[in-house]
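Asks: Chains Z and E, in that order, are what the protein sequence lines are. Take the position in the first sequence, starting the count at 1, then add 82; the result is the number in the numbering used here. Take the position in the second sequence, starting the count at 1, then add 82; the result is the number in the numbering used here.
None of these hints come from the bench; they were simulated from the model. Just so we're clear, the structure is a prediction, and the values are computed from it rather than from any experiment. One thing to keep in mind: the hints can contain errors.
Since copy identity is lost for identical chains, a pair holds within one copy or between any two.
When the alpha-carbon atoms are kept at most 25 Å apart in a straight line, the in silico DSS-like pairs for lysine-lysine are as follows [claimed, not checked]:
| no. | residue 1 | residue 2 |
| --- | --- | --- |
| 1 | LYS370 | LYS243 |
| 2 | LYS128 | LYS243 |
| 3 | LYS338 | LYS254 |
| 4 | LYS332 | LYS254 |
| 5 | LYS128 | LYS370 |
| 6 | LYS370 | LYS357 |
Number of protein chains: 2
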Amino acid sequence: MGAGVIGSSWTALFLAHGLRVSVWDPRADVERMVCDSVRQAAPALKALGLPTANLARKLRFEHELEGAVEGADVVQESATEDLALKQELFARIGQTAGPGSLLLSSSSSFPATDISKGMSAPSRMLIGHPYNPPHLLPLVEVVPGERTDPPAVADAVAFYKALGKVPLVLRKDVPGFVINRLQAAFFRECVHLVREGVVTVEELDSIVTNAMGIRWAAAGPFLSFHAGGGPGGLRHFLEHIGPAFERLWKVLGEPKFDPRTVGLLSAQAEQAFGKMSYDELQKTRDRKQLAIMNALRRC
Amino acid sequence: MGAGVIGSSWTALFLAHGLRVSVWDPRADVERMVCDSVRQAAPALKALGLPTANLARKLRFEHELEGAVEGADVVQESATEDLALKQELFARIGQTAGPGSLLLSSSSSFPATDISKGMSAPSRMLIGHPYNPPHLLPLVEVVPGERTDPPAVADAVAFYKALGKVPLVLRKDVPGFVINRLQAAFFRECVHLVREGVVTVEELDSIVTNAMGIRWAAAGPFLSFHAGGGPGGLRHFLEHIGPAFERLWKVLGEPKFDPRTVGLLSAQAEQAFGKMSYDELQKTRDRKQLAIMNALRRC
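Construct all of the structure, not just a fragment, from the sequences and the given hints.
Replies: Take a look at the structure:
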């Protein structure tokens, strides 16, 4: 259901776990696009320890949405981030899906309550928002809507766990869920520091990969600061360093993506990363991410 | 010069690189504390490929600051984060150090211009702010003050590079430098989301380690979004996703470290991480960080 970057990556993961996958996407070149993506994902899936021979054996393409939904145990919608489109898709999905089907949306921003508005039976519809690329990175934000039944949440968690993912159920529905809010907060200051000329785009990235990136792949911010607080833990840390954080909070930047800022960031990014093709960038990123994941698994 | 957590970790790194180190710290148990830290750092240094036999052979303790500074090629001050104290120390360091000595402060927040206020010859004094633990994590923020001479900056970069570090010279001096501003921006939203009951401390950490931690250890935020923008790169990404970021920027939280917040975060941290001793927490963190760094080196 929607076979762009996210949908194709989900498809590759589902296939590597032996699931039968029916893809529907109205775009003309969907078959070529998905098959290319599945092929590109195969080495990463293999490195994760999954079988990758004949991945496309259980892959089918449907010409109509209804054909893909009929008889499916799970629907993972991954269409463009457009609320009206997703509402229309789920109204149609709801009419065709069996009563036991789990209806998941990869939406990164719209609440299940809004997406399911046109559904007469939305009790098994909820958000399963992956972190890109879904076939590789573990986290999936699971966010029920107001009309989602608790068993559907448990089923979604079980489904993603069976795929080797780390599903995390949010206790409240907030705009941007957790991941995009954290990224937005972090990226805002990144943009500010480059715009102010403190560092370049490339220098900022180097700071992140050589400092907090390594730390936050090993331990989250709370555990890191808990350990940083010595035997007194997070309480000691906050009592000591809290005021310094509060002082910095007052002076953090509040940039906008005006043309000057977008131009500056884009020009620096093109200068720094432009030598590598899109394909190389993806491959390098995935190779490194895999190496980290596998190193941590052995730890 | 100051042998707390940071000073001891620097000491271990310097010794592993064969440098002669003279430590001065007025606390009574300095010798035991530093020797313990050096011993604890040894396995990590070894895993980084450094020699660790007889690490303490070139280690000396001095009873007076002047004894440690006299004849030193490099001074790495790592005292408590207290401006008046650092000013007093550098006034004394400046009187004793030879004209060619490089005078570095591990300060995480005070500008070199302020710290060197009482020095008559501050041209070789600047900030070398490491990311904790300095013997392990690569990044060092190098920040000259208004009166620092450019050759001293080049010497600091060369010094840290020779130690296997990744020194990064900031182009402007801003409060919190880069690392602490980025951490403050990120942590503010972490605190907000826990305070609002969207996730617990432990769940937030799990989101970070299973999503952006892995990504940001592999590629910084700009390269990640440049790759996420497809063949159109960062420009395409910002033109498409920029407005969604701007909407989230408007709704990010603005918590304070009031007693209720500190209490809530600390209680959750103690429940989640309290089973592990401080020593175990550090060892686990460092083992994972090392595994990541070594995996990326082979990549």
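Asks: Checking against the hints above, which ones are violated?
Replies: Per hint list: zero violations.
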